[in-house]
Amino acid sequence: MSVSFARRDFLKASAAAGGGLALEFSFPVLANAARGTPATEVNAWVVIHPDDRVVVRIARSEMGQGTYTALAQLVAEELDCDWAKVTAEFASPNEHVRRKRIWGSMSTGGSQGVRGSHDYVRKAGAAAREMLVSAAAAQWKVPPAECSADKGVITHGPSKRRLRYGQVAAQAAKLDPPRDVALRDPKDWKIAGKPLHRLDIPDKVLGKPVFGTDVMLPGMLHASIAQCPVFGGKVKAVDSAEAERMRGVKKIVRAADFVAVVADSWWRANEALKKAKVEWDAGAHGAASDETILAMLREGLADPKAASAKRSGDAAGALATAAKVVEAEYSSPYLNHATMEPQVCTAWVKPDGFVEVWTSTQNGEASMAAAAETAGVPLEKVEVHKMMLGGGFGRRGAPQDFVKQGVAIAMAMPGKPVKMMWSREEDMQHGYYRPASLVRMRGGLDARGGVVAFEAKIACPSILSYLMPGSVRNGIDFTAVRTLHDMPYEIANQQVDYAMRNGHVPVGFWRAPGQQNGVYRECFLDELAHAAGKDPLQFRLDMLKAGDKNRLVLEAAAKAAGWGTPLAPGVGRGLAVVNGFGSYAAGVAEVSVDPSGALKVLRYVVAIDSGHVVNPDSCAAQAESNAVYGLGALFEANTVKDGRVQESNFHDFPLPMIGEMPRVELVLVPTGGFWGGHGEPGILPFQAAVLNAVFAATGKRVRTLPIRPGDLKRA
Amino acid sequence: MLKLTVNGRGHAVDVEPEMPLLWVLRDHLGLPGAKYGCGISQCGSCTVLADGEAVRSCILTAGQAVGRKIVTIEGLGKPGLHRLQKAWIEHEVPQCGYCQTGMIMAAAALLAKKPRPTDADIDDAMTNLCRCGTYARVRKAIHAAAAPVATVTPVNKA
Ligand code: FES
Ligand code: FES
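For the record, the sequence lines run as chains A and B. First residue of the first sequence: 0, per numbering that gives the first Met the number 0; consecutive thereafter. First residue of the second sequence: 0, per numbering that gives the first Met the number 0; consecutive thereafter.
Because the hints were derived from the structure by calculation, they are not lab data. Only a predicted model underlies this, so the values are computations on that prediction, with no experimental measurement involved. Do not rely on the hints blindly, as some may be mistaken.
On the chain A side, residues computed to face chain B include the following (Cβ under 10 Å) [said to hold, decoys possible]:
id, residue
1, ASP199
2, PRO208
3, GLY285
4, ASP289
5, GLU623
6, SER624
7, LEU654
8, PRO655
9, ILE657
10, VAL663
11, VAL666
When the alpha-carbon atoms are kept at most 30 Å apart in a straight line, the in silico BS3-like pairs for lysine-lysine are as follows [as the list claims (entries may be wrong)]:
id, chain 1, residue 1, chain 2, residue 2
12, B, LYS139, A, LYS274
13, A, LYS193, B, LYS2
14, B, LYS139, A, LYS189
15, A, LYS599, B, LYS77
Label-pair ranges, simulated between beta-carbon atoms [as the list claims (entries may be wrong)]:
id, chain 1, residue 1, chain 2, residue 2, range
16, A, ALA83, B, THR117, 34 to 40 Å
17, A, SER147, B, LEU80, 36 to 42 Å
18, A, ARG297, B, GLN63, 51 to 57 Å
19, B, ASP118, A, THR320, 32 to 38 Å
20, A, LYS186, B, GLU52, 51 to 57 Å
21, B, THR117, A, LYS599, 16 to 22 Å
22, A, PRO49, B, VAL65, 47 to 53 Å
Beta carbons: idealized from backbone N, C-alpha and C, even for Gly.
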């Protein structure tokens, strides 16, 4: 099949700009295959040019985690092509639907990019290779078994004749795909498993237009949006007379729950939006505050009818007879993803009713569904161009609020492409936040310091009930109980209960959803170890079965970090182990706390067993990323007053800066046989390891996040 | 009409003088390399060079940019790649990449002033925010791109 996505051709469009210049725009991540020489689609994943360039189609999104490259590596590995000639492009969601979802899942979350698609992408690469070899064999009239392929060249063994992939691709595409293909043993990998340069980096370093916010189309307009500051509120009245008169303003769009200004530049739209006088109907939640939210969670802890997430043995009985009982409450606040690129969606409602969307999305298919629903057209009449994401972390997957708004605004401007971008203020105050949570734990020790009972009661909003209500089972949202109801530790008597308390603040999948539970559990384990008078490492190892991969990574991290070796004065060391997202992760942190209470994380050693490793350098980058994201979460909070989020920008939601970055050392201990993720596991043990190190350094237990200035000040 | 010099070329743009340079670049000149992250000089995603100094184009108005030589990421290495861009690629610095053009421009200004910056110099000059946490690699790439003492030449003057 020769490739032609006609809808995309206009992407390389000329536009008359403000200064009267004719500018040429092209988006590097889209439609490479369609340009230049005729390319051949050998199968849905593999497009080959006559000059042997290979374009691998990628269905998952790229938000910096490296999936775009890792998946291309897996395809190229089985394809046996020349990696130097490989590029990638995003698969088209519209094509995806037309071809009965041929590219598998487009959802990009839960560290699923590689672990959720390694099988079918490798098979696609292997199938394409077989077809290419068969085409060459047919041309030579020899059995395919006498031919081999390497680096994009097929060789006929006996005669030493050679053909390049580019020479046989067109013939190969006409063959029936093989029914079954053998996949290479990872120990024989040549392209996968190697720290190859990421394919998306050069364009990003050159400043090419790859992000959703970079979209430029002929005649495009810009929109800025204001939603009711109180979640769930509505627009009551708008006085837009002044805004309408402002320079460049084309339209004020009023919807039930937002007001947007469309203008000829984003700044003009946003300035006019500031002048639009919007009266909001706050709805039922205008009085909600941190206090009412905490009271709601506290009431949840007291709820005798909380849902049961785990019962084994008799925790209450064992606690009653334990030699020692330790009890503690931990809590953490709502947190915004704060992707560096705000939410953005460009939409264009064509005269024929076709809706074209360009957006930074973690799920192209969900974006398409949101656009179709908003525009009231069937899926076939929507195309979504997946742009590179300026960060995702879970914000741009399930909600798709930005696509619905973008399309609604474009519908008010038919025939014109409109790029809607949120201001940072809007982004900070209209997130799908990491749930605030409050957890009480009790642990019972026997006379020898062994743990005989563990009990946890969790009160927090449920992400699933907001975003995927069908997935809540018997009152249990697995993201709310994760890490507490499925502990690897051998403790005979356990009870975990969940009191779902939803509140009015929207919640969502924030990097490693449920990760707070890991913080609480591993900090509490430290408290138990201390109460038992035991070394935190040995205390944990004593409860982990031989062969448990949690044990393996814990030992690997402890060894790499030099657990038990002397530290400089004032420096404390702490550890934690948490599995999740298909992988096992253990971390050791070293911290110092100065007399004023300033905390510095000096070093974070994290050992991860993800089964297989596709790009070790991308894994290292993710370990660094998770450390910084986790570090921020120790200090950041979104607080609520008068029903609204108080923080509005980075001045009151500070991110860690370069000088705060700890030295991060990733120890990869892949044991094979399974596929785990890397986008999230690195954060799982981070905060607990740091807080346990804080205790080691200062004797202070941090149980309430965020850490506020002065919390760690020496008395 | 305001007369701006961007990447060595003159442009006459019909914008109000109080429009921040960022939006002139992005929406009027078709140069999207400088990014919007906060609009209030907190994040550095919008960093460009003005007469060789790193400035945050979200708060530098078009009027203030008149008469200054503006360099954006699109014009940084012309012709070819700037050594910082090479180091950035070599050390795989970007994750999502959104903050990175601003990081590179801030680093370019730093190297122009301090050809061999210390870690402390980097901490002081690189006040850009990165939500993805690329800081260790930013530091590594700056050190890699820093010129050996003997061969220092001024860079990044438009
Ligand atoms: S956008 Fe200019 S500093 Fe953030
Ligand atoms: S690389 Fe994503 S914000 Fe810096």
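Those earlier numbered hints the structure runs against, lowest number first: 3, 4, 11, 12, 13, 15 and 19
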